[in-house]
Amino acid sequence: MFIEVLKSKIHRVTVTEANLDYIGSITIDAELLDAANMIENERVDIYNITNGERFSTYIIKGEAGSGIIGINGAAAHKARVGDLLIIASYASMDFEEAKQWHPSVIFPKDNHLR
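For any residue, its number in the working numbering is found by taking its place in the sequence shown, counting from 1, and adding 1269.
No lab work stands behind these hints: they were computed from the structure. Check before you lean on any hint, since a few could be wrong.
[Said to hold, decoys possible] Listed next, the in silico BS3-like pairs over lysine-lysine satisfying Cα-Cα at most 25 Å (straight line):
1. 1378 with 1276
2. 1276 with 1368
3. 1330 with 1276
4. 1347 with 1330
5. 1378 with 1330
6. 1347 with 1276
7. 1378 with 1347
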């Protein structure tokens, strides 16, 4: 049996830009991606702490050290500049493997690593 478990989480980052006229995605600072064990084009779920919206999209790698968290395309209707987000990705794995699994979770400060 395989189950879905949390693979990676970026906890409480602030949206720095929202661009409705762009292909759908979320742009994330490359340093945050590396620290959270996420990669470009990976599917992520976005949980908007500010307004309660939840949606899924894929990652575009942003400039390292920029602190960018950009919501692009139709998702820009679900998050505005200044909103607080949780960004999570999941992995499918064997039930027994999942019992030993430890996700990568980071807690950035002002959208940067400490």
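Structure-based check of all given hints:
no.	hint	verdict
1	1378 with 1276	holds (21 Å)
2	1276 with 1368	holds (13 Å)
3	1330 with 1276	holds (18 Å)
4	1347 with 1330	holds (20 Å)
5	1378 with 1330	holds (19 Å)
6	1347 with 1276	holds (24 Å)
7	1378 with 1347	holds (23 Å)
Of the hints listed earlier, there is not a single one the structure fails to meet.
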